[in-house]
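Trainee: Guided by the hints, dock chain B onto chain A, whose structure is given.
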Amino acid sequence: GQQVMQIPQYQHVQEGEDFTTYCNSSTTLSNIQWYKQRPGGHPVFLIQLVKSGEVKKQKRLTFQFGEAKKNSSLHITATQTTDVGTYFCAGPSRGSQGNLIFGKGTKLSVKP
Amino acid sequence: GAGVSQTPSNKVTEKGKYVELRCDPISGHTALYWYRQSLGQGPEFLIYFQGTGAADDSGLPNDRFFAVRPEGSVSTLKIQRTERGDSAVYLCASSLIPQTGELFFGEGSRLTVL
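Protein chains in written order, with the numbering used here: chain A, 46 to 157; chain B, 75 to 188.
I should point out that these hints are in silico values taken from the structure, not numbers from a laboratory.
Think of the CB as a built atom: it goes at the ideal place given N, C-alpha and C, for glycine as much as any other residue.
Honestly, I wouldn't trust all of these hints.
Claimed, not checked - Below 27 Å or equal to it, Euclidean Cα-Cα: the simulated DSSO-like pairs (lysine-lysine) are: (1) K149/A - K101/A; (2) K152/B - K152/A; (3) K81/A - K85/B; (4) K81/A - K115/A; (5) K152/A - K81/A; (6) K85/B - K149/A; (7) K149/A - K81/A; (8) K149/A - K96/A; (9) K149/A - K104/A.
Stated by the list, open to error - Label-pair distances were calculated between CB atoms; the ranges are: (10) D137/B - S154/A: 36 to 42 Å; (11) N84/B - Q47/A: 29 to 35 Å; (12) T186/B - G61/A: 35 to 41 Å; (13) S112/B - S154/A: 46 to 52 Å; (14) T107/A - L188/B: 43 to 49 Å.
What the hints assert, rightly or not - If you only want the chain A side, here are some residues facing chain B, beta carbon under 8 Å, derived: (15) V58; (16) P88; (17) G143; (18) F147; (19) K149.
Just chain A, same shape as in the assembly (with noise of 0.2 Å):
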């Protein structure tokens, strides 16, 4: 069935360093979305890509959309301790747009 990969599931860096989670699906997506989740918390939406190659920024985190619309990453510079947490990357399912498939995310620390 359609998957979406997500490497690596564990990072842990120092604070101050670049971070990078990659997400691969195994279908052509029409879109991309990214959630984090805090420990201990519930998955809040951080930003939806939706054209081939497109890039978008929030502050320190950079985010692209494959050409191909079958990849994506999640790029974040000089990682603060606020940015502990998981990533996850989803995307609709071919059949039903309103089923998200997500990854199993990657888990990020960071050491002060």
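Mentor: Quick look at chain B alone, frame taken from chain A:
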């Protein structure tokens, strides 16, 4: 409140019992979703409502799981004859624009089946 509200926040039950989990979406959001999240995993889609009807229930694992949204607002996820494998956090989300746009998640209901 302004966010998605889920009750109970925690539920411990015994194997074989019946459980109901409730979700109150953001006012005005016509789309409502149920997801299940196990430890170390991403949210797993269960069912999606548009208004009162289930637009996609393909994620419900088996016929022990059922969800309703009779008036197009509050939804209840019902689990019959619970099994230990049903233990997870059940997340509810709503969205303003059906099928697209951001999902607003509730805090979740943690279900533990002993």
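Trainee: Taking the hints in turn, state whether each one holds.
Mentor: Hints, one by one, checked against the model:
For the suggested pair K149/A and K101/A, the alpha carbons sit about 22 Å apart, so the restraint of at most 27 Å is met. In summary, the hint linking K152/B to K152/A is not supported, as the alpha carbons are separated by about 31 Å, beyond the 27 Å threshold. The suggested pairing of K81/A with K85/B holds, with an alpha-carbon distance near 25 Å, which does not exceed 27 Å. Restraint check for K81/A and K115/A: the C-alpha separation of about 20 Å stays at or below 27 Å, so the hint holds.
For the proposed pair K152/A and K81/A, the alpha carbon gap of about 10 Å is at most 27 Å, so the pair holds. For a cut-off of 27 Å, the pair hint linking K85/B to K149/A stands: about 25 Å separates their Cα positions. A hinted pair counts as satisfied when its Cα atoms are at most 27 Å apart, and K149/A with K81/A qualifies at roughly 12 Å. The hinted pair formed by K149/A and K96/A meets the criterion: a straight-line CA distance of about 24 Å does not exceed 27 Å.
Of the supplied pair hints, the one linking K149/A and K104/A holds, its CA atoms being roughly 25 Å apart against a limit of 27 Å. A hinted range of 36 to 42 Å for the beta carbons of D137/B and S154/A is consistent with their spacing of about 41 Å. In this structure the supplied range 29 to 35 Å holds for N84/B paired with Q47/A, their Cβ-Cβ distance being about 32 Å. For the hinted restraint 35 to 41 Å between T186/B and G61/A, the CB-CB distance of approximately 39 Å keeps it satisfied.
Separated by about 20 Å at the C-beta atoms, S112/B and S154/A break the suggested range of 46 to 52 Å. Taking 43 to 49 Å as the suggested C-beta distance range, the pair T107/A and L188/B conforms, at roughly 45 Å. Restraint check, V58/A versus chain B: the minimum CB separation of about 20 Å is more than 8 Å; hint violated. Interface restraint check: P88/A against chain B, minimum CB-CB distance 5 Å, threshold 8 Å, status holds.
Interface restraint check for G143/A: the shortest CB-CB distance to chain B comes to about 4 Å, inside 8 Å, so the restraint holds. A distance limit of 8 Å between C-beta atoms decides the matter here; for F147/A the minimum to chain B is near 3 Å, and the interface restraint holds. At its closest, the beta carbon of K149/A sits 5 Å from a beta carbon of chain B; the interface hint therefore holds under the 8 Å criterion.
Of the hints listed earlier, those the structure fails to meet are numbers 2, 13 and 15, in rising order.
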